[in-house]
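**Q** So the chains spell out like this:
2 protein chains.
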Amino acid sequence: MTKILPVIMCGGSGTRVWPESRETLPKQFIPLVGERSTFQTTMAMLADPAFEKPIVISNADYRFLIADQLRQIGAQADIVLEPSRRDSGPAVAVAAGLAARRAPDTVVVVLAADHVVRDRAGLVKLCKKAGEAAAEGYIVTLGVKPDSPATGYGYLRPGAPTHAGGEVLKLDAFVEKPDRETAQRYIEAGYFWNSGNFIFRADVMQAEIAHFEPAIFEAAEAAIDAAANDLGFCVLDAEAFARAPKKSIDYAVMEKTDKAALIPADIGWSDVGTWRAVWELSERDEAGNSVRGEGVVMDAKNVHVRSEDMLTTVVGVSDVIVVTTQDAVLVLNHEHGDRVKQLVDELKIQNRREAGAHKRIFRPWGYYQSIDEGQRYQVKRIVVKPGERLSLQKHFHRAEHWIVVRGTAEVGRDEEIHLVHENESIYLPIGCKHRLTNPGKIDLELIEVQTGSYLGEDDIVRFEDVYNRG
Amino acid sequence: MTKILPVIMCGGSGTRVWPESRETLPKQFIPLVGERSTFQTTMAMLADPAFEKPIVISNADYRFLIADQLRQIGAQADIVLEPSRRDSGPAVAVAAGLAARRAPDTVVVVLAADHVVRDRAGLVKLCKKAGEAAAEGYIVTLGVKPDSPATGYGYLRPGAPTHAGGEVLKLDAFVEKPDRETAQRYIEAGYFWNSGNFIFRADVMQAEIAHFEPAIFEAAEAAIDAAANDLGFCVLDAEAFARAPKKSIDYAVMEKTDKAALIPADIGWSDVGTWRAVWELSERDEAGNSVRGEGVVMDAKNVHVRSEDMLTTVVGVSDVIVVTTQDAVLVLNHEHGDRVKQLVDELKIQNRREAGAHKRIFRPWGYYQSIDEGQRYQVKRIVVKPGERLSLQKHFHRAEHWIVVRGTAEVGRDEEIHLVHENESIYLPIGCKHRLTNPGKIDLELIEVQTGSYLGEDDIVRFEDVYNRG
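So the sequence lines, in the order shown, correspond to chains Y and G.
Mapping of the first sequence onto UniProt numbering: position 369 corresponds to residue 369, and the numbering continues sequentially without gaps.
Mapping of the second sequence onto UniProt numbering: position 83 corresponds to residue 83, and the numbering continues sequentially without gaps.
Chain Y with its partners taken away, still in its complex shape (with noise of 0.2 Å):
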């Protein structure tokens, strides 16, 4: 048999799930059930032999997230970028694409970056009945047994078998997100959930894109044809994708094609698309709460508690879910759930930096985190990945002292190179050149205490950045 070639989506930006996830960290990337991300344990699932290296697909901001949490567990995947938001349909015209530059008939496997699947040895088998219906010309979805009549998923309508006796159904028709009453009906009628992951032959999703959607099939391939290698990572042409209509996969394609089929999936799949849901994966005590990280229940049942760094408690208060990070707190009744997206957009127009960026912010070097403001001073932890490199800047309204707690600092400061030892610090006046480098084998951590008038972001002047940033 074929291999399959897997292509993760990878650039969701979670809403749903904030105040954890962020646009600077989305769901995909943060440990919302267990100990790894779902982009991990999606990945660590393709190691099986049925599947060739995957593509990862995503936005650029998200370039050494990814490369990052493939080196934490060992995996391999060329990832390629999307210069800007467009939704699923440009995203899968591109996946198909780059199969179908390989061989035509190459059998692609598209799935979210931020699904759990409990019975992952599951997936992979359907993966490979799907892939055989797939090398004869079936667009196969994952259909998913519903438990509830849920309203946020489109519903597939089965139709007879595309073999007699075989798993997989030709589709009889896509529906979009019903209303209770009709979800109701759809699963006493035997429909199934879309769980939006695909298998198709790529020359086959060409074909129908061109069909149906050509602005999005051109976009996609001037889009790949003029791509460019920035660091290892492949950059789809940003002019050439800005041209293609944003429009999901299930409009683009899905509803209109007549070779959908369908191969019913009870692996235990959940798109995680509320915090509801993450507590329906958590572990439950026998009132149903369920505390990660430190937290006190009290006369409370069906409470989930989440807390990054400090004490939270409930009493009295059933049916909620706490969420409390390092500067935003949550409390969600559990049937509310779809209005956590609504309160972000909500928090964006207060212009609140806690929509969209976390506290801690990633660099393709470590991170920084703000941990103390006063009016004239900021004071920032820093750690830096051992071998990497800050760009050489300055600042002009800031001095800045670094104190190194843990390992060694490089410091170029104007001609002058030091070595800064855990326990030394070194001053940096303003205006002053400056570089730090992590020249050792371990995590080099910093605290950073600026002074002077003016502490934005944007007070940096960048000579030379390693990743080429701007």
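Bear in mind the hints are in silico, worked out from the structure with no lab data behind them.
Be careful, since some hints might not be right.
Stated by the list, open to error - Here are the simulated DSSO-like cross-link-like pairs (lysine-lysine), alpha carbons at most 30 Å apart as the crow flies: (1) G:Lys348 / G:Lys247; (2) Y:Lys301 / G:Lys301; (3) Y:Lys301 / G:Lys348; (4) Y:Lys359 / G:Lys433; (5) G:Lys380 / Y:Lys380; (6) Y:Lys301 / Y:Lys128; (7) Y:Lys380 / G:Lys433; (8) Y:Lys359 / Y:Lys53; (9) Y:Lys433 / G:Lys433; (10) Y:Lys385 / Y:Lys341; (11) G:Lys380 / Y:Lys385.
No experiment lies behind these values; they were computed from the predicted model shown.
Chain G: place on chain Y using the hints.
**A** What follows is chain G alone, placed relative to chain Y:
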């Protein structure tokens, strides 16, 4: 008319409004409602010429806090410190004893430091009226007209006026906290709540205590006679005071004496005994929501959000109090307010610092606060008030870097003295004797980075301390 001597009871630990109120900075000292603490608003009210210079009775731990809060509002008081917590009976015995030493017929008003009174002028008037009855030998308690069958208060059954047409009523019975049904009957029968604020003549109260609780009387008298003056505070003798039985003044005297009277008080009184009471005292929008600090409430009513530092959001959960502090979050149903004390007890059993101590630790010289922690380092913000000085000290396990971010520090390091200005730093190696002073006219703020293998607060050897600490 002779003046009234106010005695403010200021020693409570306020666990019912945890996590804002904790033993290290309890309820009476925090701005629960408005900008000032209830201790401060109480003290401000006593500026009326009807009152003598007040006496504040409190726990020894709170001496510098009290002095500080008085300074902030420009108020004067004599501060009397209890070396141990013995409940209100012994405290009132001390109040009476101190007043009797001025003149046996001194009229005393005992006020709680953690109550809120909307109509402060009304309270002053009531004190004057009650003072007249007290001068005649009555022990008058402020009786509050109930607005609900609360089970958290003792109730007062009023009798005939002490004088025909007078406002002060004889007290027929002093009854303990009832159940809800009984409370309802009490209200219908015209009972009042016992507010826990009393007016009496010193000699009358002394006689009653000596009669009903001679052990309390003798312990209080001995504790006053052997009191010491320490930096201007009157410290009761520890050994003598410890002999006083732990008993409330209600049990010790008020339930037994035939001298009790009450004056009906319609002055917008609250003992702020639960978070719900705080919510009721706060400004609310049409949905009954009240936000203090950074907060957003969606799809909910009767929510009270209190956030010290970070964004707190509530979606779809009504009738809750959400309190976010720097290190602890409480989500509480309105009806479970009386369970907070149990929650704090539970946290104590779990040996959690947050049960009793805030992240910001107040000291006579200012405060410090941990802002970051790692395995071998800790970062603190230290603020020293003008003219204040920390103890001369050394550490065996940690070195310290101090970076001044505001004001000027005078740093003694072994035999040297350094002036360290804003944006300058100094290094204190392990084992050096050092001392920090703020010689300036504005607050000194510095960032302390500690590194070492052990960073506990108990790694400190104190050589000299202007605040007489051990």
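**Q** All the hints need checking, so say for each whether the structure fits it.
**A** Each hint, compared with the structure:
1. Using a Cα cut-off of 30 Å, the hinted pair Lys348 of chain G and Lys247 of chain G holds, with the two alpha carbons roughly 23 Å apart.
2. Annotation: proposed proximity of Lys301 of chain Y to Lys301 of chain G holds, straight-line Cα distance about 21 Å (limit 30 Å).
3. For the hint linking Lys301 of chain Y to Lys348 of chain G, the alpha-carbon distance of about 23 Å falls within 30 Å, and the restraint holds.
4. Annotation: proposed proximity of Lys359 of chain Y to Lys433 of chain G is violated, straight-line Cα distance about 37 Å (limit 30 Å).
5. Of the pairs offered as hints, the one joining Lys380 of chain G and Lys380 of chain Y holds, with about 12 Å between alpha carbons and a cut-off of 30 Å not exceeded.
6. A C-alpha spacing of about 42 Å is found between Lys301 of chain Y and Lys128 of chain Y, which places the hinted pair above 30 Å, so the restraint is violated.
7. Only pairs whose Cα atoms come within 30 Å are accepted, and Lys380 of chain Y paired with Lys433 of chain G is accepted, the gap being roughly 28 Å.
8. A distance of roughly 34 Å separates the Cα atoms of Lys359 of chain Y and Lys53 of chain Y; the hinted pair therefore is violated under the 30 Å criterion.
9. The hinted pair formed by Lys433 of chain Y and Lys433 of chain G fails the criterion: a straight-line CA distance of about 36 Å is larger than 30 Å.
10. Of the supplied pair hints, the one linking Lys385 of chain Y and Lys341 of chain Y is violated, its CA atoms being roughly 34 Å apart against a limit of 30 Å.
11. Under the criterion of a C-alpha separation no larger than 30 Å, the hint pairing Lys380 of chain G with Lys385 of chain Y is consistent with the structure, at around 25 Å.
In this structure, the hints that do not hold are numbers 4, 6, 8, 9 and 10, in rising order.
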